[in-house]
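Asker: Whenever a hint applies, use it, and build me the whole structure from the sequences.
Here the protein sequences line up with chains A and B, keeping their order. Using the numbering used here, read the first sequence as starting at 1 and increasing by one per residue. Using the numbering used here, read the second sequence as starting at 470 and increasing by one per residue.
For the record, the hints were derived by calculation from the structure and aren't laboratory data. This structure is a prediction, so every number in the text was calculated from the model and none was measured. A few of these clues could be false.
Stated by the list, open to error - One-sided excerpt, in silico: chain B residues whose CB lies under 8 Å from chain A:
| # | residue |
| --- | --- |
| 1 | 568 |
| 2 | 692 |
| 3 | 698 |
| 4 | 747 |
| 5 | 751 |
| 6 | 753 |
| 7 | 788 |
| 8 | 801 |
| 9 | 829 |
| 10 | 905 |
What the hints assert, rightly or not - Here are the simulated lysine-lysine pairs, DSSO-like style, with alpha carbons at most 30 Å apart:
| # | chain 1 | residue 1 | chain 2 | residue 2 |
| --- | --- | --- | --- | --- |
| 11 | B | 747 | A | 356 |
| 12 | A | 278 | B | 825 |
| 13 | A | 144 | A | 60 |
Each residue gets a CB set at the ideal place from its N, CA and C atoms; glycine is no exception.
2 protein chains.
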Amino acid sequence: MIESSVLEKPATIESYVQASVPQFLEELCEWLKIPSISSLPQHKADILRSVDWASAALVKLGFKTEILRTKGQPSLYAERIEDKRWPTLLVYGHLDVQPVDPVEQWIRPPFEPCVQDGRLWGRGAADDKGQTFIHIKACETWLKTRGRLPLNVKFIIEGEEEIGSPNFEALVREHQGKLAGEAVVISDTAMLAKGVPTVSYATRGLVYFDVVVEGPKLDLHSGSFGGAVLNPALVLAKILAAMTDRKGRVAIPCFYQDVAKLTKLEKKMFSRARFVAKEIEAVAGVPCVGGEKGYSVVERVWARPTFEVHGLTGGFHGEGSKTIIPQRAGAKVSMRLVPNQNPGKIVKSFERWVAKLTPNGVKVRVSMVPGGGPAFVEDLDQPVFQAAFRALRRAFGAEPVFERCGGSIFAPEIFKRAYAQTPVLMMGFGLPGENAHAPNEWLDLDNFRLGIIASAYFYEEFANKARNK
Amino acid sequence: MIESSVLEKPATIESYVQASVPQFLEELCEWLKIPSISSLPQHKADILRSVDWASAALVKLGFKTEILRTKGQPSLYAERIEDKRWPTLLVYGHLDVQPVDPVEQWIRPPFEPCVQDGRLWGRGAADDKGQTFIHIKACETWLKTRGRLPLNVKFIIEGEEEIGSPNFEALVREHQGKLAGEAVVISDTAMLAKGVPTVSYATRGLVYFDVVVEGPKLDLHSGSFGGAVLNPALVLAKILAAMTDRKGRVAIPCFYQDVAKLTKLEKKMFSRARFVAKEIEAVAGVPCVGGEKGYSVVERVWARPTFEVHGLTGGFHGEGSKTIIPQRAGAKVSMRLVPNQNPGKIVKSFERWVAKLTPNGVKVRVSMVPGGGPAFVEDLDQPVFQAAFRALRRAFGAEPVFERCGGSIFAPEIFKRAYAQTPVLMMGFGLPGENAHAPNEWLDLDNFRLGIIASAYFYEEFANKARNK
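Answerer: In structure tokens, the structure reads:
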């Protein structure tokens, strides 16, 4: 056991973190330099380097680590068992990152992280290396100030979250005993605004598709064939256009059939988060006029399903003009799902709708991109949420807010299916505008520091709650 | 004067061409090797090389040549005046070619021409170096077999037809006296089918646009922002989808207001060309189900206006998934116009329609790509058409057909505005499926040979008609 010197005041969690931030950032930058993009096969070795980096960081803190292989990219498991009779917390994070295109829009190269303007810049700074690192350093803080953790901590750091966690459920099933704990905490989300500590208790689900319309067997001269042959790019536009109606609702038949209605409590909580719309507008630079009429912005993003087009391609798009009927045109699309929509049913409804919209004269191929899943929602009335609430209030000095997350994180749902009785809590330290999936990703330095402190407090608060149960 | 040897039978036009085809092809291949793509600035020097090549070929035949500069790419002028009292024919062609992307779809490299399977393969083989060369060799045939041309011949070979002839009208105006003649012949179109010699007496016009929808100031995470922020790619799809209705008609208000109706004679002529639909289907590999309901395929392609999408771009279109609301999305679109649609009015109607379809929350920029123009139609009741009819019948041994051309060639309309009384005739030797604007362009070798013969006959037939007038 490390005793603090009798001559110095013992370091507190706050003072240790405060003093260590420069060193912590230096270490994190090393991790961010590894371009562990899971969606691009050429970065496979970088995923392994990213695993090794995290493993070394945890071994230094006395964790036992193990690389867990999957059919895809591996994940890292680590544990430090202080006392088998103590409660155990499983920390989930991920060590892979999003692609960086359009790379020319990055002010600083994506994998040359740097600290500037109160932010840490670089791909993965917020999503999710930076936030996973917050927990690693929360553990270090306990060990350096008290010589032990207040509870047993396990880490599972996934290697393919950014491609939709296609093998994570199998991994959890395979190592179900090893990963078991009294609660799961995930830091992979954003706070609603700076100074507003946030606990997320729900995520939206996702189904993602490639849609390709194929027409003539080659590009045709639009003069000689225009008026005779259907234009695949125009057919694609018509199919996409028919996915939502004039009220911004998804027009796929039966799409809303199983959508869970908000409870009165949630409606009340949501109305208190009305400021979220302003945050979104500040980041996006456009008014919040997307989505369904008749719902507030918060409802639309947190609790209503959506249809989005992520990309379009096909035919000619260089400088000037080329007069062709393109042979094919394609789109990447997805739907965000909410509780109780069933992804399997939605996939079928979408495919049927596309088929119905497909005219004679073209072929439309719809292929599901692996990695989707259902929405997730957790019961708020559990001790782990009270522990998080107290820890965040202590660290940030502000009243935390409970939110539903518009994004899709599949880990919570996967944990829920494996451990029905174990609560899953999301406590994120990102911020709106952090560019998690865009050029110029960043992490706020105050949130980095307070996130480590809040996580350290949370371990203690949860240990106390769990012991008193 | 070149006398044929008394020991040999004098060479006829047919026998000379027949014997010279291998040599002709060798020469043409040299021209095709020059990548004179007018839409790409990096090929500017290749346009000049292409001009020089054509100039040298004509100088060898005793033509005086001159490079005519414009604000854009230059054109080549050449003349051989046999006798100032004789009628003069102006031959129009172009020495620039279409881009070659997607280049990976070419079986043979686009600028390494070769002869195989009865075809000459390479970019520009049909459109339009090959067809321009047909006239150069028709002149050579006259000179080698008779020692003179049967009339005065002028060539104007344009350097930027494939970008819509933006400077050709100014060029014609500047050199109006120099280019004047009794008729203009253009070989830049296709025959309706192999063995069906074809005279075109009309073309469709064109207006071409870049449409860009801009939304948020950066790519956004579709989970955190989906439902709040309008998706530019989806807005673009809706705008494009609203350009045509369920009956395949262009839905832009006032679009059909000025469209000239077909005459009874034309309807009858068109119904005789019903086989065109089968040709189109054979090339395209899909049924002729595009365009307006209630019109025949021939009417739709020859005499009805259309709306086409040439390309789509925006957001993510790599492998796998990326969950963004793209910052922007864009399309290249055009409308083919028919007599009496006014391009200026159509441009305004289109812009107004796009503005009306643009929701709050996005900006839509519509920019016209230079090089469009109105449709063109010529009166068939003129001696030059009878001359062409006779020449084609003699060369091909089959009844020629009069067609309207679905494509847009701006030269005829430009000549018409400059020389109101001079007939413009299009006599093309391409074929459906020649891939004029696609990978693997080719020219049929029978048409190459018979095209030279027919052109040589046409000079004679027209000289006789013009003299007898």
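Asker: So, for every hint listed, does it hold in this structure?
Answerer: So, going through the hints one by one against the coordinates:
1. 568: 6 Å, holds
2. 692: 3 Å, holds
3. 698: 5 Å, holds
4. 747: Residue 747 of chain B check fails; min Cβ-Cβ to chain A is 11 Å, beyond 8 Å.
5. 751: Violated, about 10 Å.
6. 753: The hint holds - residue 753 of chain B has a Cβ within 8 Å of chain A, the shortest such distance being about 4 Å.
7. 788: 7 Å, holds
8. 801: 6 Å, holds
9. 829: Since chain A brings a Cβ to about 5 Å from residue 829 of chain B, closer than 8 Å, the hint holds.
10. 905: Hint on residue 905 of chain B: holds, closest Cβ of chain A at ~5 Å, below 8 Å.
11. B:747 <-> A:356: Holds, because 27 Å separates the two Cα atoms, which is no more than 30 Å.
12. A:278 <-> B:825: 27 Å, holds
13. A:144 <-> A:60: 12 Å, holds
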